[in-house]
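Engineer: As given, the protein sequences belong to chains A and B, one line each in that order.
Start counting the first sequence at 10; every next residue gets the next number (this note's numbering).
Start counting the second sequence at 17; every next residue gets the next number (this note's numbering).
Everything labelled a hint here was simulated from the structure, so no lab data went into it.
Please read these numbers as outputs of a predicted model, since none were measured by experiment.
Every residue, glycine too, gets a C-beta built ideally from N, C-alpha and C.
Hints are supplied without guarantee of correctness; some may be wrong.
Unchecked claim - Computed, partial: chain A to chain B, Cβ under 7 angstroms:
| no. | residue |
| --- | --- |
| 1 | 22 |
| 2 | 23 |
| 3 | 53 |
| 4 | 54 |
| 5 | 104 |
| 6 | 105 |
| 7 | 178 |
| 8 | 179 |
| 9 | 180 |
| 10 | 183 |
| 11 | 212 |
| 12 | 213 |
| 13 | 214 |
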Amino acid sequence: MLAQGLATAYLSLIVLLPLAALVWHAAGGGVDDFRAAVTDPQAVSALRLTLVASVAVALINAVMGTIVAWILVRDRFPGQSIVNVLVDLPFALPTIVAGLTLLTLYGPTSPVNVDVAFSRTAVLLALLFVTLPFVIRTVQPVLLELDREMEEAAASLGAGSFQIFRRIILPNLFPAILSGVALAFARAIGEFGALVLITGNLPFETEVASVYIFGRIESGDPRSAAAVSVVLLLITFLALLLIGALRRRVTRHDAVA
Amino acid sequence: MTRLRRYALRFIGLGYLGVLLAAPVGLVFQRAFQDGFGAAWDAVTTPAAKHALVVTLIIAAIAVPANTIFGIVCAIAIVRHRFPGKNVVNVIVDLPLALSPIVVGLAFLLLFGTDGWLADLPFDVVFALPGMVLATIFVSLPFVVREVVPVLREIGTEQEQAAATLGAGGWQIFRRVTFPAIRWAVAYGVVLTTARALGEFGAISVVSGRLIGKTESLTLHVEERYQSFDYVGAYAASVLLAMLAIATLVAMTVFRPKEETR
């Protein structure tokens, strides 16, 4: 009784009350103001870029994350345990530092003459950096548990290695890949710190939703900032519901197996 | 053929990590120390930098214990009790993981700002330390809960029931039976919470007003130095934060739940 009372009170004070204030302010100007704020061409462009970039980043993560998880589990090479620890660095490194490190190597002062700063490539690069661990960390444990005997049986029955990957390994990894991809997507939707320095925040070009909202706050227009925030909040909420459904599916899958 | 494929995968995987992660982070260390160790040391010991470090540490010192206690209590409520709206609580706990920190900052700004419901408190929240602490608590809230919930589920209630039949009270059961079973999960959650609290940027960037020498945290200091073209200052403060991140990684490796390291 006490536990759920305390937990609910804390959640209500820290999370729900501020979000309620946000929704209240977003609705304060009436339906027309809200609609005007979220259909502003610059806001629409920022929201669209956020969604498209997050989907692209999630898909790249699906492939690269699976490859990295694979070499961490199935391969043996010197320094493997250090690589395994380093993979978590994007979780621990402050996002503003992440953005600065990318800008240093891939910006105007690049020592290797690769300058992608203030372009959409920079948006992708920053989002790939902060979402790097998700797919790796969801696929790795499943790959560890995967029974090698199934693969050996398939090989003895004459399956080629591509066939084994497609028919045996991929179906087993798929739920984990999907849940990692969903987490990466959710993270990418809200990213701010890694993007501010390297994207240049150019409206209609490299400005994502978080940066657009920040710009509205700075220009003293909290009402449209709140309106676009509510849209972003809804997208986040849907992404989380999806992750919850996936997680339940994955655990049920485990229970059956 | 198999060996060729293995080398190809290794090359792609490690190349990706090198280009995206190792090379950029390594270069920042090099840039921070390119004018010598002394210059970097001077840059992180200016009064503004030292104050920013203190602000960051104060925020973490409040946010981490608050979320640790809440995390344990909330995990117990989620796993051990049935109550209406439990699924809603589950989703709300995850919300800070994904919600844009700018939205979080704005929400606090609107709650405690001039037109907010709680505008007339006797002390300043927005553009002051309390707002920064609250925003940091918000963004670092889920980690302890999420680490403790699966462990609590796994250990079951048999031992707790046995203790209860032997006459142990609720607090005694928690201290002697439940807590020893979940303490590594709590420790891992605390490490993640600390990393998030030290590194928060977006939310406190909105609620703090970025008053240099007053409400500037170390992450805000990095950006402010960079925008003022003091690159050594920005890189030196970044390296300080990166070293805290690496210490976090080491702690994570120590505390990681066993099933993940196997």
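Engineer: With reference to the structure, classify each hint as holding or not holding.
Structural biologist: Here is what the structure says about each hint:
Restraint check, residue 22(A) versus chain B: the minimum CB separation of about 9 angstroms is more than 7 angstroms; hint violated. Annotation: interface hint on residue 23(A) holds; nearest CB of chain B at approximately 6 angstroms, less than 7 angstroms. The interface hint given for residue 53(A) is violated, since its Cβ lies 17 angstroms from the closest Cβ of chain B, which is over the 7 angstroms cut-off. Using the Cβ-Cβ criterion of 7 angstroms, the hint placing residue 54(A) at the interface with chain B is not satisfied: the shortest such distance is roughly 17 angstroms.
Taking 7 angstroms as the C-beta cut-off, the interface hint given for residue 104(A) holds, the closest approach to chain B being about 6 angstroms. For residue 105(A), the interface hint holds, since its Cβ comes within 7 angstroms of a Cβ in chain B; the closest pair sits about 5 angstroms apart. With a least beta-carbon distance of about 13 angstroms to chain B, the hint placing residue 178(A) at the interface is violated under the 7 angstroms criterion. With a least beta-carbon distance of about 15 angstroms to chain B, the hint placing residue 179(A) at the interface is violated under the 7 angstroms criterion.
Given the 7 angstroms rule on beta carbons, the hint for residue 180(A) is violated: about 20 angstroms separates it from the nearest Cβ of chain B. About 19 angstroms separates the beta-carbon of residue 183(A) from the nearest beta-carbon of chain B, more than 7 angstroms, and the hint is not met. Restraint check, residue 212(A) versus chain B: the minimum CB separation of about 16 angstroms is more than 7 angstroms; hint violated. A cut of 7 angstroms between beta carbons decides the hint on residue 213(A): the least distance to chain B is about 19 angstroms, and the hint is violated.
Annotation: residue 214(A) was flagged as interfacial toward chain B, and the flag is violated, the nearest CB pair being 19 angstroms apart, outside 7 angstroms.
Of the numbered hints listed earlier, those contradicted by the structure are 1, 3, 4, 7, 8, 9, 10, 11, 12 and 13.
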